[in-house]
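Sequences are here, hints too, so could you generate the full structure?
Protein chains in written order, with our numbering: chain H, 206 to 696; chain L, 21 to 146; chain B, 1050 to 1303.
I should point out that these hints are in silico values taken from the structure, not numbers from a laboratory.
Given the structure is predicted, the values throughout are model-derived calculations rather than measurements.
Hints are supplied without guarantee of correctness; some may be wrong.
In silico DSS-like cross-links for lysine-lysine, where the CA-CA straight-line distance does not exceed 30 Å [to be verified]:
| no. | chain 1 | residue 1 | chain 2 | residue 2 |
| --- | --- | --- | --- | --- |
| 1 | L | K144 | L | K53 |
| 2 | B | K1062 | L | K134 |
| 3 | B | K1062 | L | K58 |
| 4 | L | K58 | L | K144 |
| 5 | B | K1062 | L | K53 |
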Amino acid sequence: MTMPLTPVWFIALPLLLAFASPLWVRLRLLMPLLVGTPAALLALALGLLPAVRTAPLLETIVIAPPLGIHLQLDSASWLLVALINFAGVVVGAFLWLGETEPYLRERRAFILILLLIAGCNGMVLTGDLFNLYVFLEIAGVSAYALSALRRDAPALEAGLKYLIIGSVAAIFFLFAVVLIYLQTGNLSLAAVARGFSEIPGPMQMLIGLLMLIGLGIKTELFPFNFWVPDIYQGSHPAVASLYSGILVKAFLFVLFHLVFLFLADPGVAGAWLMGLGAITMLVAETVALRQEDLRRMLAYSSLGQIGLITLALGFGVESTTAGGLFHMVNHTLVKLLLFLTAAILLRSFVSARIADFAGAGRARPLAGALFVLGALAVMGLPPLSGFASKLWILKGFAEAGVFWPVALILLAALIEAGYYFRWIKVLYEPRTEVAIEPSEGRWAYLPIGVVAGLIVLLGVAPFLVDDLFIEGARSLLDRTATLVAVLGAGS
Amino acid sequence: MLSFLDEPRVLHGIYVLGSLTLFFIGLYGLLAKRHLLKILISIAVMELAVYLLFIGLATSPGETAPILSDGLQGFVGMADPVPQALTLTAIVIGLAVLGLGISLAVQYHRLTGKADVAGLTELKDV
Amino acid sequence: MSDVPLRKRVRAKTLMLVLLCGWLFAAHLGILFQYGLDGQTASVGDALLARNAETASANAVTSVVVSYRGFDTLGEVTVLFLAATGIGLLFGARQRAGAEGAETPISDPNEMLMTGVRLLFPVLVLLGVYVVVHGHLSPGGGFQGGVIIATAFFLRMLADRTFVLNHSLIGLLEALSGSGFVLVGLLGLILLGTATFLGNFLPHPVADMGRLLSAGVIPVVYCLVGVKVGAEVAAIFGDMLERGSSHPPDAETS
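In structure tokens form, the structure reads like this:
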């Protein structure tokens, strides 16, 4: 009797532990498990890495594809899975060590956070269209409930807005899934991809638009993202770091996975997505300039970066795609750093308005320094990791001879520098009567420090992980390899 | 006299007409109504329209339920079981989301006395 | 007729929305009428139907729901669990809100309701159990039966003001059935030679098709689903109905 360590553990383990949560309350294991579960999954992911790099791992559930559901762990989804579980460890450790608000440390928050991680893992791993919808709902519902966790009016409002918008997105996605099944008779992603070109043109268009609305809302692309800052503002910053760090990343991956897999020639769809990404980036960065609330500013900055990633991935060339994946990882690290630092600052300085932050960096030197580090990494200053990934993307565009995205990305970085320096300046404004509260939860700096270390490390030595991203980009772009791996050589 | 209804294209046409009408009634409600509960109900209507479309179009006239009973011997001439299974799953998910949404709306109303989406202004650009 | 001028009765915004929805409706209708009416030719479902005998379940929908696409069902149970958790969270907060005065109290149940429910309650529970355990033989299954059982308790709560759900028991049932589902899935991964999650590791000879004890792991999973759905829907009903008076604020913190 053996215990095969297969990709299904990424979903089964958090599910099992979340269902059995009353037991952990009794054993006083809630917080250790909140950190331990994603840590165990991260270790599993690292253990599976050598196997993944040689060939994608396919796991059949009950019956082989195209008839049944399967999980697929290839180089691209490995990156996302490792990222998601790493972010889970960081946020869990922050909640455990940081003496955060009690409502984030009780059983329900434990369930919601674990299942959010499970939902994101599932979305990234699954090779079945309807299963994707189910995981999308798992991640969605846990996010709605997490928003409303504080149970006061702003939190409830954020939860309600998120729920309404999110379920509309899910309906459009489900509609597209239904049409695909009716047209091709398949649900396995690979089998759908094989038959997709035989769907009549207008029907393809309709399916594509429905998907775009559904996933566009979830990935927070331009015309569909007016609601995002409200959610980030109403939620606790630690929760917002999960949204910006892993939820959106998982959806972005799903969007591009579907585009590159279904369409034999992703040129047109890619161009549309590049356009949407560029608009998202410019609009969000411009609006971020005049934000007076720290959380809203970070939300708009997050939108801008998502636009940048969409722009890079939509181009569909290996170097920009690898750069986009790298930037995805960097952005998650940076936003974890910024949102968690914001959580610490917000605890000491009741309000999140810019005026109330004057001198905060002097009163809390460590938090202030970390915030500055994160801000510099977002802008992409060397030697931080944001620089390495942006350079990679820019180089990719330049090599392909397409220069308008280069100009836009540089412009966006300039605007970004504008508003981040505004905040940094306020943070270090001299102010005499700063009330320094007894600083509790010193240990909360530990996970943030780890993230900061990684940002510097990836910036100084990006060559350590280069290969991973190039392999990830290849497996994301190589449609035939996936089809052959799943359906056999005959297809 | 009504045998033309057994024609698959006619039957499917009726299903398409009905479920799409329902879907866009839901969409209209979603965009035009401002009461939170009405919005949630509109979402439910849209969802149900999608289920109806799925089940309706996946079944052809003359097929039996995919259950072996009443002297049926083999799994032939039966309706496709997958859409039914998927719809069952989707209905439960829809119910769960709707339940959570209504609880949120009720709770929000209790806390603030507001039930209008236009009144959701606690969080906004300043 | 009303005194409101026409200009106010037909508002421009409404008109625009009607036009927008109508246009989208026409576009969808056009595409679906042109390409979507023929039904399917060959689908995964047909292939699964042809192979269904191997599961030894007489109900092909059940074998798809519980076995072939059992992973979806696990996810679906999880969503329900999440919603129940969220609803419990929201309604557990009422004591803190302190705005109970605005609620209109439910009038006491009348004699008809009480007697009727007293008669109906055992019948409903029995029907629910029947529907759950015969999920692999006849229409119905864990979800349908679970909801019937939950409805029985809901009626009981409506008819009897003193009847209070035992929340810790419900929590226990939820936890046991949910982790049971995952554990059964993991047993398939460990015990089966093919090592698939949710694989059917119990013997399921085709000759037994149609008997109550057949189809291996399928009825086991469906019973767990039934318990879980029943417990969760009952908990949702209970949370919505109890109005904060009867059950104490949950003091569960780590």
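We went through each hint and held it up to the structure:
1. Straight-line distance between C-alpha atoms of K144 (chain L) and K53 (chain L) comes to about 21 Å, which keeps the hinted pair within the 30 Å bound.
2. Using a Cα cut-off of 30 Å, the hinted pair K1062 (chain B) and K134 (chain L) holds, with the two alpha carbons roughly 23 Å apart.
3. For a cut-off of 30 Å, the pair hint linking K1062 (chain B) to K58 (chain L) stands: about 18 Å separates their Cα positions.
4. The straight-line distance between the Cα atoms of K58 (chain L) and K144 (chain L) is roughly 23 Å, inside the 30 Å bound, and the hint therefore holds.
5. With a CA separation close to 11 Å, the supplied pair K1062 (chain B) and K53 (chain L) stays within the 30 Å bound.
Hint check: no violations occur; every hint is consistent with the structure.
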